[in-house]
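Go ahead and model the full structure; you've got the sequences and the hints to work with.
For our numbering, add 1 to where a residue sits in the sequence shown, where the first one is 1.
Just so you know, these hints were derived from the structure itself, not from any lab. Be careful, since some hints might not be right.
Pairwise CB distance ranges (calculated) [claimed, not checked]:
#	residue 1	residue 2	range
1	Pro39	Ala206	30 to 36 angstroms
2	Pro39	Ser265	38 to 44 angstroms
3	Gly3	Ser244	43 to 49 angstroms
In silico lysine to any residue, SDA-like type, Cα no more than 20 angstroms apart, as pairs [claimed, not checked]:
#	residue 1	residue 2
4	Lys168	Ala83
5	Lys107	Leu46
6	Lys107	His18
7	Lys168	Tyr90
8	Lys107	Asn136
9	Lys168	Ser233
10	Lys107	Thr15
No residue lacks a Cβ here, since even glycine has one placed at the ideal position from N, Cα and C.
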Amino acid sequence: MGCGVLVQAGYQVTVAHNEISTFHYTGVSVGWTWNYEPTSNGENLVHKNFIHTIGMGDLSDLGCVYHLGEDYGTEISNNICANVTSYDYGGWAFYTDQASAGVVIKDNVAYDTKCAGFHQHWGMDVLFTNNMLYNVNQEECDGGVRSSTLGDVSSFTFTLNVVSLQKGPMFAASSQLGFSNVSFDNNVYYVQDGQTVTFPCANSANCDCTLASWRASGHDVHSQVADPQIASPSTHNFTLLPSSPALALGFQQIDTSDVGPRPSEF
2 MGCGVLVQAG
12 YQVTVAHNEI
22 STFHYTGVSV
32 GWTWNYEPTS
42 NGENLVHKNF
52 IHTIGMGDLS
62 DLGCVYHLGE
72 DYGTEISNNI
82 CANVTSYDYG
92 GWAFYTDQAS
102 AGVVIKDNVA
112 YDTKCAGFHQ
122 HWGMDVLFTN
132 NMLYNVNQEE
142 CDGGVRSSTL
152 GDVSSFTFTL
162 NVVSLQKGPM
172 FAASSQLGFS
182 NVSFDNNVYY
192 VQDGQTVTFP
202 CANSANCDCT
212 LASWRASGHD
222 VHSQVADPQI
232 ASPSTHNFTL
242 LPSSPALALG
252 FQQIDTSDVG
262 PRPSEF
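Spelled out as structure tokens, the structure:
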């Protein structure tokens, strides 16, 4: 009933090129200190893993990759996360929990998750960039992106990402300060059923405001609400077509060709 890989109090640990699947809790769990305080954690790498069939509807508060505590220099990159289902809340793809700090999450693909593709409970100096979140939040339990942050004690930067939902809200906040100390720009947002994309409201837990009002607060000034033009998501080909608005903003294609175990290793 546990996680696939646990990196607890790790320094310069690499978890790479694995297939991690069919776990009732999290795929990879990293960190495990609870507050903002110096730790021995740091410079860990979770890279090019195929993490799927996680949660399986049995437990809650989980994800493909779960992170807890200060961990400067740690990178979570080029992973594929798929098919995450929780019992109740918290079937997320990438989850930075309490006091996560100094973590970079980049160049990942996530699809078919019950809840948000990215959720930050609270943390500091977290960068979420150049990721593709497709058909996340399938059961509309929160949003494509969820923030439970606590104002000035928490921060993250969300830039150059593609978020394409089948339906439902794009954002979710747990408090009126949920999106008060964050930075968003150069993203592409899209809801496939034609639903209007709405954005976080200033000093409110509501996420039903217009892009214009969100931009007035300094966020997503260059971002677009548009079809990202994914080549063939039904066959898990998440290459963007040359005319994609995400590429025009600076998004870099994510190469998933060698994610998971490499044939030469068998």
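A quick look at each hint next to the structure:
no. : hint                                 : result
1   : Pro39 <-> Ala206: 30 to 36 angstroms : holds (33 angstroms)
2   : Pro39 <-> Ser265: 38 to 44 angstroms : holds (40 angstroms)
3   : Gly3 <-> Ser244: 43 to 49 angstroms  : holds (45 angstroms)
4   : Lys168 <-> Ala83                     : holds (17 angstroms)
5   : Lys107 <-> Leu46                     : holds (11 angstroms)
6   : Lys107 <-> His18                     : holds (16 angstroms)
7   : Lys168 <-> Tyr90                     : holds (18 angstroms)
8   : Lys107 <-> Asn136                    : holds (18 angstroms)
9   : Lys168 <-> Ser233                    : holds (18 angstroms)
10  : Lys107 <-> Thr15                     : holds (16 angstroms)
In this structure, none of the earlier numbered hints is contradicted; all agree with it.
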